[in-house]
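Numbering (my numbering), first residue to last: 1 to 518.
If you're looking for bench data, these hints aren't it; they were derived computationally from the structure. Note that beta-carbon positions come from the ideal geometry of N, C-alpha and C, so glycine has one too. Be careful, since some hints might not be right.
Pairs of lysine to aspartate or glutamate residues, derived as DMTMM-like cross-links and limited to a Cα-Cα distance of at most 20 Å, are as follows [stated by the list, open to error]:
#1 Lys412 x Glu476
#2 Lys320 x Glu476
#3 Lys92 x Glu221
#4 Lys507 x Asp382
#5 Lys317 x Glu505
#6 Lys412 x Asp477
Distance windows between CB atoms, simulated [said to hold, decoys possible]:
#7 Leu287 x Gln315: 46 to 52 Å
#8 Leu365 x Gln315: 45 to 51 Å
#9 Val376 x Glu505: 30 to 36 Å
#10 Thr109 x Leu384: 27 to 33 Å
#11 Thr95 x Gly385: 50 to 56 Å
#12 Ser59 x Gly261: 29 to 35 Å
#13 Cys57 x Leu379: 51 to 57 Å
#14 Ser395 x Leu368: 21 to 27 Å
#15 Leu65 x Asp286: 45 to 51 Å
#16 Gly385 x Gly98: 47 to 53 Å
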Amino acid sequence: MASHPPPEPSSNSNKQGWAEPEEIHVSSGGVQAYTDDDADCEGRRPLLLGTPASAECYSVSAAALPFFFPALGGLLYGYDIGATSGATISLKSSTFSGTTWYNLSSVQTGLVVSGSLYGALIGSVLAYTIADYLGRRKELILSSISYLIGALLTAVAPNFAIMVVGRFLYGIGIGLAMHAAPMYIAETAPSQIRGMLISLKEFFIVLGMLLGYIAGNLYVEVVSGWRYMYATSTPLCLVMGVGVCWLPSSPRWLLLCAIQGKGNLLETKEIATRCLCRLRGQASPDLVSDQVNLILEELSYIDQEKQVGFREIFQGKCLKAMIIGCGLVFFQQVTGQPSVLYYAATIFQSAGFSGASDATRVSILLGLLKLIMTGVAVLVVDRLGRRPLLIGGVSGITVSLFLLSSYYTLLKDASYVAVIALLLYVGCYQLSFGPIGWLMISEVFPLRLRGRGLSVAVLVNFASNALVTFAFSPLEDLIGTGLLFCGFGVIAVASLVFIFWIVPETKGLTLEEIEASL
């Protein structure tokens, strides 16, 4: 494919040779940055406006696979959550374990259940150091390899120690995938459907959980059934790895590397244009070249050629992005998401549901509800926007937490209140924090700092999850279940205030427009 030459240097060009923004206008609609080339091409095209720039041309079929293969990393994460709930029952059964070491202590059981969480924390730290060096695509390939080795080791483990090593390796794959997948999807998806695609990744996580619950239900009464549960994920690991190898690199990452002196600019620009043509399908090569030029102009304007220092991710606009992203994923966990689901089987049993005595069937029921509500969020996120879903969903979460608190303190005979509260919580979570948290952290970080900034946000997510998981039982013994859920409700109110005053709307904006707005 013939490459399009870069813009001719102007009187105020920088050292790379494309025009610096000539003037910045401020109006009631927001800040607008213009360039000489913009004036020549389309009158004046805004890099940042209160409304989005002209829509990107794209083919739905071309956008599907660059979403699908990275999203399998989310599906494998969800599958691990679902399968482990059944695997622990199978592993500890003297009848169905198929091992001589089935009599696990509470600490050993905790290592099996939380081993992947510890690995995810390690993977998040690892992502901070390697993400910008490897790029989004190679990080996804590395995560698929870690997934595969971890799943195989866990499935064939001859003893408890090998099983724990496998759980840790699988967890490292989770940490890398949950860092790279939303970043790759955000950087390659058309702005009109970016929110839907990243939210659809959450749909894949929930689908994975449901598949894990189903696998647990199928194999829980089979000898060595836990081995089959973990081994079932290995074909998906292979599909993910092979599929991601076929995908093009992120054009934005390629251009950032060239800006930072890690490659020839003209050659990299030609490669980035070819990659973007593949990602957009039927889009005109001229339009794709224009978009590449716009990305280059924004990179040039904000002086992206400097190398990233650790302190820089806590300064300026990245600090604002860090507050938004880390705040959302922190509240996502500390509003009690792991703890509410912990009580699901007990609540259904108290309500007299026939399937409530079987934890795996209850999990399948909740998994279906989560899947449906996530699907609703996927369909409306790019029409309604991020803020309305967050505000509405978290309001429902707040109400449900106070209802649960009331059930455990005042309304112990009204089991229907607990059931309604549980279903309301699960539904509202999947409309708001579930998909929108991952969506926002993939959008708000500046390109040069996105790899490291997003790794910190993912680390906060998994660390908060671990904090809530480990603190729940001691706090429950100390203050009681009712007061604990009331505390979660107060935190949910605080998260509503945070969303209302801090979290911006990013619907329809390109990543460069979001970056400029910060």
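Supplied distance hint 27 to 33 Å, evaluated on CB atoms of Thr109 and Leu384:
42 Å, violated
With respect to the beta-carbon atoms only, verify the hint that Leu65 and Asp286 lie 45 to 51 Å apart.
Violated, since Leu65 and Asp286 (Cβ atoms, about 24 Å apart) do not stay within the stated range.
If I claimed the Cβ atoms of Val376 and Glu505 lie 30 to 36 Å apart, would that claim hold in this structure?
Given about 19 Å between the Cβ atoms, the range is violated.
Just to be careful, I want the Cα atoms of Lys412 and Asp477 compared with a cutoff of 20 Å; is the pair within it?
18 Å, holds
I want to verify a distance hint. Is the separation of the beta carbons of Gly385 and Gly98 within 47 to 53 Å?
51 Å, holds
The hint says 45 to 51 Å between Leu365 and Gln315; measuring C-beta to C-beta, is that right?
Hint holds: Cβ distance 47 Å, inside 45 to 51 Å.
Distance restraint hint 46 to 52 Å, applied to the beta-carbon atoms of Leu287 and Gln315
35 Å, violated
Pair hint outcome, Lys320 versus Glu476 [Cα-Cα no greater than 20 Å]
35 Å, violated
Given the hint that Lys412 pairs with Glu476, test it: the Cα-Cα distance must not exceed 20 Å.
Roughly 17 Å between the alpha carbons, so the hint for Lys412 and Glu476 holds.
Cβ separation of Thr95 and Gly385, checked against the hinted range 50 to 56 Å
With a Cβ separation near 53 Å, Thr95 and Gly385 satisfy 50 to 56 Å, so the hint holds.
Does the hinted range 29 to 35 Å hold for Ser59 and Gly261 at CB?
Cβ of Ser59 to Cβ of Gly261: about 34 Å, so the range 29 to 35 Å holds.
Quick check: does the Cβ-Cβ distance between Ser395 and Leu368 fall within 21 to 27 Å?
Taking Cβ atoms as reference, Ser395 and Leu368 lie about 24 Å apart, which means the hint holds.
Consistency note: the structure conflicts with the earlier hints numbered 2, 7, 9, 10, 13, 15.
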